[in-house]
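As given, the protein sequences belong to chains A and B, one line each in that order. If you want the working numbering, it's the position in the first sequence, counting the first as 1, plus 1289. If you want the working numbering, it's the position in the second sequence, counting the first as 1, plus 1289.
Since the hints were made in silico from the structure, they are not lab data. Mixed in with the good hints there might be a few duds.
[To be verified] Among the chain B residues that face chain A by a calculated CB cut under 10 Å, a handful are:
| hint | residue |
| --- | --- |
| 1 | L1334 |
| 2 | R1762 |
| 3 | F1823 |
| 4 | Q1827 |
| 5 | M1833 |
No residue lacks a Cβ here, since even glycine has one placed at the ideal position from N, Cα and C.
Protein chains: 2
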Amino acid sequence: MANPRLKIIPLGGLGEIGKNMMMMEYENDIIIIDVGLMFPEEEMLGIDLVIPDISYLLEKQEKIRGIVITHGHEDHIGALPYLLPQLNVPVYSTKLTNGLISVKLKERRALSGAKLKVVPPGGQVTLGKFKIEFFPVCHSIPDAAGLIIYTPVGTIVHSGDFKLDYTPVSGKPTDLSRLAQLGAQGILLLLSDSTYAALPGYTPSERVIGETLNHIMADTPGRVIVTTFSSLVSRVQQVIDSAAKHQRRVFIVGRSMSDTTRMALELGYLNAPDGILARIDELKGMPRNKIVFVTTDSQGEPTSALVRIANRDHRQVHIIRGDTVVISATPIPGNESLINRTIDSLFKQGAQVLYSQVAQVHVHGHGSQEELKLLLNLVKPRFFMPIHGEYRHLSLHAKLAQSVGMLKDDIFVMEDGDILELNPQAAKITGKITSGNVYVDGMSVGDIGSVVLRNRRMLARDGIVVVIIAVNRQTGKLVGRPDIVSRGFVDTRESKDMLDESRDLVARTLDHSGSRPAEWSFTNTKVRDILNKFYYEQTKRRPMVLPFMVKV
Amino acid sequence: MANPRLKIIPLGGLGEIGKNMMMMEYENDIIIIDVGLMFPEEEMLGIDLVIPDISYLLEKQEKIRGIVITHGHEDHIGALPYLLPQLNVPVYSTKLTNGLISVKLKERRALSGAKLKVVPPGGQVTLGKFKIEFFPVCHSIPDAAGLIIYTPVGTIVHSGDFKLDYTPVSGKPTDLSRLAQLGAQGILLLLSDSTYAALPGYTPSERVIGETLNHIMADTPGRVIVTTFSSLVSRVQQVIDSAAKHQRRVFIVGRSMSDTTRMALELGYLNAPDGILARIDELKGMPRNKIVFVTTDSQGEPTSALVRIANRDHRQVHIIRGDTVVISATPIPGNESLINRTIDSLFKQGAQVLYSQVAQVHVHGHGSQEELKLLLNLVKPRFFMPIHGEYRHLSLHAKLAQSVGMLKDDIFVMEDGDILELNPQAAKITGKITSGNVYVDGMSVGDIGSVVLRNRRMLARDGIVVVIIAVNRQTGKLVGRPDIVSRGFVDTRESKDMLDESRDLVARTLDHSGSRPAEWSFTNTKVRDILNKFYYEQTKRRPMVLPFMVKV
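Bound conformation, chain A alone (with noise of 0.2 Å):
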């Protein structure tokens, strides 16, 4: 392919959801859009998140002229407190998002330093070589942006996080107009959003939430408990909306929920009519009819609001008898369980329990198939990538792709690392860089590695014997009997026997090999081996065992 050409590189959110970062070279320039963070899989036992692999995009430093964010979510903007400090350059979004960024960054001790921009709807920012315009679209949270890009190669639309809503209850719609227009005059490659590729039809519009809501309002004669994203302003509106038009007054409880409500209050994204809003100390006395709580959040992390009303262990709200409780949201993959579990336990406490499988209280916030398809006819990209899913969402959007007319040539299914290159007639994946999961495990970053996170899962399956034997620093020999600690493997008591049959048995086997210390490696083999069989054989476990000497 001839010089000069256009890279392109997903380093996260290409084959997962979450952790969505992507990087853009041309020449002496690079620009980075998004940098967001994954919550851990069941199987990264005791990882507190995920964020990118950058040491790429660190060896080219002096390239990176800024960072540009779509919108305020976490699997977006996330990683910023861990990597900003290391890539040190501007960061451009639109305000709302902008406001996220400084808490996020505050709260890990990250603001002082950095350099925030914001960007109005439909604004424009000049990156070396590439000009960046932010387009509105519609989300699940208020201030998304989708981004056209000007580079020397052509123009590039990448879609951010979106959905068609034509009667959004926050922000402005989709600017198809603006898309079609630039159809018109032809675009290199277009980005989209394929988290729900594998959904048919169109993804209702955030109004059909207001009518469920209104229901729920005049019917229920006890008190609404609705849980969502803090994030999710609009659903916040369509509740106090609600509880205005039922004479009932809101009570905004928790802290991210009460943070961001200010925030957005304070922004403009946000309207409340004077005396809606509640402080908790109204509550006493005040007719069940009357009142509404707002809390988050529905993921059901076990600090999270919801998990604690209904373990009966939050400050603020204890559920009563009658209560309705609304979970306005959908569980993170991997969560699923915990939020059964839940939601059992408030049925359990006489709650009604409305979640998204048994009423329409919530819609999600990415397009299905047939508006993925409308982009797609109005973009008319001539080379397509698509972005944001797992594998299969990828592969889903690039059958979409061809079933409106692309030839798959032209379509482009990577994944994180992929290199593509592209200049104004060709495009081509060239290669592959380092990228991947770097582990966040309380205060470090990075030193979690894959030995650490195997002997989690080992240890986690069946537990752990540790032999420390006691050898005499002279002659080698065994000085009295090898001790066995165990956790997590039996039941001590119950199986004291046979603990003390397979310390006898180490015991045989060094007496017999008059281990001397210049042997360990050997003999650590040897006890590991027979400890391995013997415990398989007694109860088809396999502990992880791990002999130790001291030499006294």
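Following the hints, complete the assembly by docking chain B onto the known chain A.
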């Protein structure tokens, strides 16, 4: 409540999915309905299976007249190999169910001595004061039965797992007219399947899958690989029928699928036209559009065929670009992410994957809301107890019963162990017995308790640090420097300095305290506290800290 009374006690399956088991007691007679197992939930680390606690039953062993099994799924028969040898009573079931029980008992070497009795569809057995009639119901396995239980206090209908399918592929439709007849005569109590009580509408007929399969077999130029439950004999029948129509031959792959298919053919539950079924050695040279594989299971356990195929780890089936994989099943709750990764991997290898979210390739085996209401309307029970489901399913089912006119006080939403007592006029929850989970891990049943599990959870989160402290047997003084062994906590090379520092910290602590053997429990606590604090400060992690003293 006046004597004599009937007691009904669920021992499993209420408040959880799986592990279905129930007992009914009248004077000197006890019958047991179903003896199922449950697959472990996420937090039951390292556990293989979960079975019901039958300690209450074992106290009344001489009263037990027999076990009645509704159908051959694991969650209804799976605990028999573990519990039947203890209970040692006859087991009554229909023909296919009986065959599956034999296979299960044989696998676990529990067949000898088992008294298995076949009951024909519509047949009756008398067990003490109970007379039990098996009536055919539709479910995702042939020969499924509901039960009509004639007792001295009145007639009870137990739905089994059921749906209404007026055009089933194999077996008979649910016998609605028998139920209507009984309803007219008066039913004291209905026990009905709540698994899909959250789903509005009707469950589609199995027939719709046949149409999808016909399209796939006709349209794809490549091989078709269908994965489903081996017990879903009707689905295998549909694959065979569709293959025959499109001149494809069917390869049954995998031991479980081969065994079940062979048995179903022999017992007449499956029909294959001559020459349709092929042996794997006939595969070579066969055109791709003539090939269908059927394999189990699609539940995504690492040993399962689908995962092995996706990982290129299967002896007989390797994905070729252009293959179509049909996942004709829904994942067991908790297995979703493994299944999703498997689908991703199949897409990466160039297969087209059809799964229930993107195509009508599976219908489930339980009735939805309208079917549940229809059953309530036909049976018209005096009392109602929703069974089979987590608490929210039971609660929603109770609300359905209220919506068709039952009174709240006549509906009993119970949990495992609750005792429902009935006489011809009244029903009441009168107490609770000990019930719960018994864990099977490796070859042991029941020795894993909450301590072992709590330890595994701790180990899984932040690993373990064992501190080995050698002291002089006579003086009680420290010998040498304390040793530290850690696994799953930190990268031991990168964190060598920190771990060394913690050794010194222990040494200093022990020198100061001048520990003596008698004070070990005090020293132990002290070392643990100091290290917990030190490690948390250094890493924000909380490994399990385990001091161990070696006397030399």
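To see whether the hints hold, each was checked on the structure:
no. : hint  : verdict
1   : L1334 : 5 Å, holds
2   : R1762 : 9 Å, holds
3   : F1823 : 13 Å, violated
4   : Q1827 : 8 Å, holds
5   : M1833 : 7 Å, holds
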